[in-house]
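Residue numbers (my numbering), protein chains in the order written: chain G, 8 to 293; chain F, 36 to 245.
Any given hint could turn out to be false.
Here are the simulated BS3-like pairs of lysine-lysine, each with C-alpha atoms no more than 25 Å apart in a straight line [claimed, not checked]: (1) F:LYS95 / G:LYS135; (2) F:LYS52 / G:LYS76; (3) G:LYS27 / F:LYS52; (4) F:LYS242 / G:LYS76; (5) F:LYS173 / G:LYS132; (6) G:LYS135 / F:LYS52; (7) G:LYS117 / F:LYS41; (8) F:LYS243 / G:LYS132; (9) G:LYS76 / F:LYS173.
Cβ pair distances, simulated, as ranges [as the list claims (entries may be wrong)]: (10) G:GLN180 / F:PHE245: 47 to 57 Å; (11) F:PHE174 / G:SER214: 27 to 37 Å; (12) F:THR89 / G:HIS202: 35 to 45 Å; (13) F:PHE184 / G:SER109: 48 to 58 Å; (14) F:THR89 / G:ASN45: 25 to 35 Å; (15) G:ASP125 / F:MET82: 55 to 65 Å; (16) F:PHE66 / G:ASP90: 35 to 45 Å; (17) F:SER86 / G:ASP125: 52 to 62 Å; (18) G:ARG80 / F:SER86: 30 to 40 Å; (19) G:LYS264 / F:GLY175: 53 to 63 Å; (20) F:LYS242 / G:GLU174: 32 to 42 Å.
Calculated from the structure, these hints are not laboratory results.
Even for Gly, the Cβ is constructed at its ideal location relative to N, Cα and C.
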Amino acid sequence: MENILEVKNLSKTYDNFALKDVSFNLPKGMIMGFIGENGAGKTTTIKAILNIIQNYSGDIEIFGLNNRKEDGRIKENIGVVLDDMFFPEILTPNDINSIMKSSYKNWDEKRFYTYLKDFALPTNKQIKTFSKGMRKKLEIATALSHYPKLLLLDEPTAGLDPIARAEVIDLFQNFIENEECAILLSSHITTDLEHIADYITFINNGSILLSKTKDELLDHYGIVKCTEKEFKTIHKKDYIRYRKTKYAYEVLVEDKKEFKKKYPVEVVDKITLDDLMVLMIKGEEA
Amino acid sequence: MIGFIKKDLAMIKSNFKTLGLLLLLYVVMGFFGEMDVSFFLPFISVMIMISTFTYDSYNKWDAYLVSFPDGRRNSVKAKYVATLLMILVVSLVTLLLSFIIAYANNKTINYEQILSTMLGTLFGTLLVLSVMYPIIYKFGVEKARIWIFLIVFGVVLAVSLLASYIDFSFVGGVLSFINNYIVLVLILFSIVMVYASYRISLRIELKKEF
Numbered sequence: 008m009e010n011i012l013e014v015k016n017l018s019k020t021y022d023n024f025a026l027k028d029v030s031f032n033l034p035k036g037m038i039m040g041f042i043g044e045n046g047a048g049k050t051t052t053i054k055a056i057l058n059i060i061q062n063y064s065g066d067i068e069i070f071g072l073n074n075r076k077e078d079g080r081i082k083e084n085i086g087v088v089l090d091d092m093f094f095p096e097i098l099t100p101n102d103i104n105s106i107m108k109s110s111y112k113n114w115d116e117k118r119f120y121t122y123l124k125d126f127a128l129p130t131n132k133q134i135k136t137f138s139k140g141m142r143k144k145l146e147i148a149t150a151l152s153h154y155p156k157l158l159l160l161d162e163p164t165a166g167l168d169p170i171a172r173a174e175v176i177d178l179f180q181n182f183i184e185n186e187e188c189a190i191l192l193s194s195h196i197t198t199d200l201e202h203i204a205d206y207i208t209f210i211n212n213g214s215i216l217l218s219k220t221k222d223e224l225l226d227h228y229g230i231v232k233c234t235e236k237e238f239k240t241i242h243k244k245d246y247i248r249y250r251k252t253k254y255a256y257e258v259l260v261e262d263k264k265e266f267k268k269k270y271p272v273e274v275v276d277k278i279t280l281d282d283l284m285v286l287m288i289k290g291e292e293a
Numbered sequence: 036m037i038g039f040i041k042k043d044l045a046m047i048k049s050n051f052k053t054l055g056l057l058l059l060l061y062v063v064m065g066f067f068g069e070m071d072v073s074f075f076l077p078f079i080s081v082m083i084m085i086s087t088f089t090y091d092s093y094n095k096w097d098a099y100l101v102s103f104p105d106g107r108r109n110s111v112k113a114k115y116v117a118t119l120l121m122i123l124v125v126s127l128v129t130l131l132l133s134f135i136i137a138y139a140n141n142k143t144i145n146y147e148q149i150l151s152t153m154l155g156t157l158f159g160t161l162l163v164l165s166v167m168y169p170i171i172y173k174f175g176v177e178k179a180r181i182w183i184f185l186i187v188f189g190v191v192l193a194v195s196l197l198a199s200y201i202d203f204s205f206v207g208g209v210l211s212f213i214n215n216y217i218v219l220v221l222i223l224f225s226i227v228m229v230y231a232s233y234r235i236s237l238r239i240e241l242k243k244e245f
């Protein structure tokens, strides 16, 4: 499968934080959910992909091109929704259309206004009069209207009500029907990712903890809830993390079928992405 | 680049009314023979353009623009071109109004005086632009604000002194004035100064992190 985005050994050091050897690949036709707690390095990684931050080591290839050498060619085919970064709020959607028309070869005015209509957004009011949800919708409409091949979305559904979120998720699914395209989607709303993501990449404290297909994660990984006595019978190589709660031990296992064969447990629960994040971050290593 | 110029001009369109009122005030003051404030108008246009940097950083547009094709390069180019356009338009309108006021008041136009005031003003304005923009690109508008006040006051004072005390009568006639060596030096120096400023701003912008 051809990759639309390849991040190799991306490292960047700040005073209080560092990205450490971040590597992952996003194949064409796929949606990758990019998860991790606040400050884990999701936005910094997206900023590096876009060269918003620059002095980093490692290589980033987009559409098979080096992101630093072929900036102009690459950006023509990228759509972005970035957390808290957008057009100055004294502008109107009409202004945005006029600006984008002169900035992107493929800008489709008709498509942009169709999105605005579908989202019920006014065309001639300043962005500062918009609610957070309306603003987010405008950002999404702007990102989609020049037929990008790669969407980089940092918290695109934050601030949207469930109905609007469902609309937006549908839009992303339609977008990905073109198998030449792909989406890297960072979100804290993991239920959305469970619906639409094909891959999950999990970053914590600047390092990638895992990058796998969603099915591989949700079908194979599991949580065993057991007593302390039972927990002590589990061999360390058979679990990844564990967490002691008030009433039981929660143990994260990589292959629930194998685990059930090996240990006399009745139930190994399916995991959610939330469970996975909590156990990987708060749990103790084997 | 055109897109970014459109963006800057769209952002300052609400200031056009204020600028129009200032021009009107200039005309009224001119007819009543009050102080000549024509030198101040192109400065105002630069100050208005500087306000766009504040909006850019407040909404983190300065980071967002990097996601555009050649965003960094085009944004710097556009900022300079939009500012020069503003200065040009305001200067031409001011010049035209100065001619009209002079003719209405005295039934004659002292081209030398008006053009020399305008030349001094333009040079001063371009100097402010050339010094301020790299400082703003480097430190942001907030930190550069103190510099803006110091330089604007300095230049305004210098230009008003120049306009009030220096006698330009040694320059004979409009054509000889345009052909004058000093004028050429000022024009050439302005071009070099603005271009150098653009290159420095671009260099700063290309290395910037957000």
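Comparing the hints with the structure gives:
| no. | hint | in the structure |
| --- | --- | --- |
| 1 | F:LYS95 / G:LYS135 | holds, 14 Å |
| 2 | F:LYS52 / G:LYS76 | violated, 44 Å |
| 3 | G:LYS27 / F:LYS52 | violated, 53 Å |
| 4 | F:LYS242 / G:LYS76 | holds, 14 Å |
| 5 | F:LYS173 / G:LYS132 | violated, 33 Å |
| 6 | G:LYS135 / F:LYS52 | holds, 21 Å |
| 7 | G:LYS117 / F:LYS41 | holds, 20 Å |
| 8 | F:LYS243 / G:LYS132 | violated, 32 Å |
| 9 | G:LYS76 / F:LYS173 | holds, 24 Å |
| 10 | G:GLN180 / F:PHE245: 47 to 57 Å | violated, 31 Å |
| 11 | F:PHE174 / G:SER214: 27 to 37 Å | holds, 34 Å |
| 12 | F:THR89 / G:HIS202: 35 to 45 Å | holds, 40 Å |
| 13 | F:PHE184 / G:SER109: 48 to 58 Å | violated, 35 Å |
| 14 | F:THR89 / G:ASN45: 25 to 35 Å | holds, 28 Å |
| 15 | G:ASP125 / F:MET82: 55 to 65 Å | violated, 41 Å |
| 16 | F:PHE66 / G:ASP90: 35 to 45 Å | violated, 55 Å |
| 17 | F:SER86 / G:ASP125: 52 to 62 Å | violated, 34 Å |
| 18 | G:ARG80 / F:SER86: 30 to 40 Å | holds, 34 Å |
| 19 | G:LYS264 / F:GLY175: 53 to 63 Å | holds, 57 Å |
| 20 | F:LYS242 / G:GLU174: 32 to 42 Å | holds, 40 Å |
This entry does not satisfy hints 2, 3, 5, 8, 10, 13, 15, 16 and 17, going by the numbered hints stated previously.
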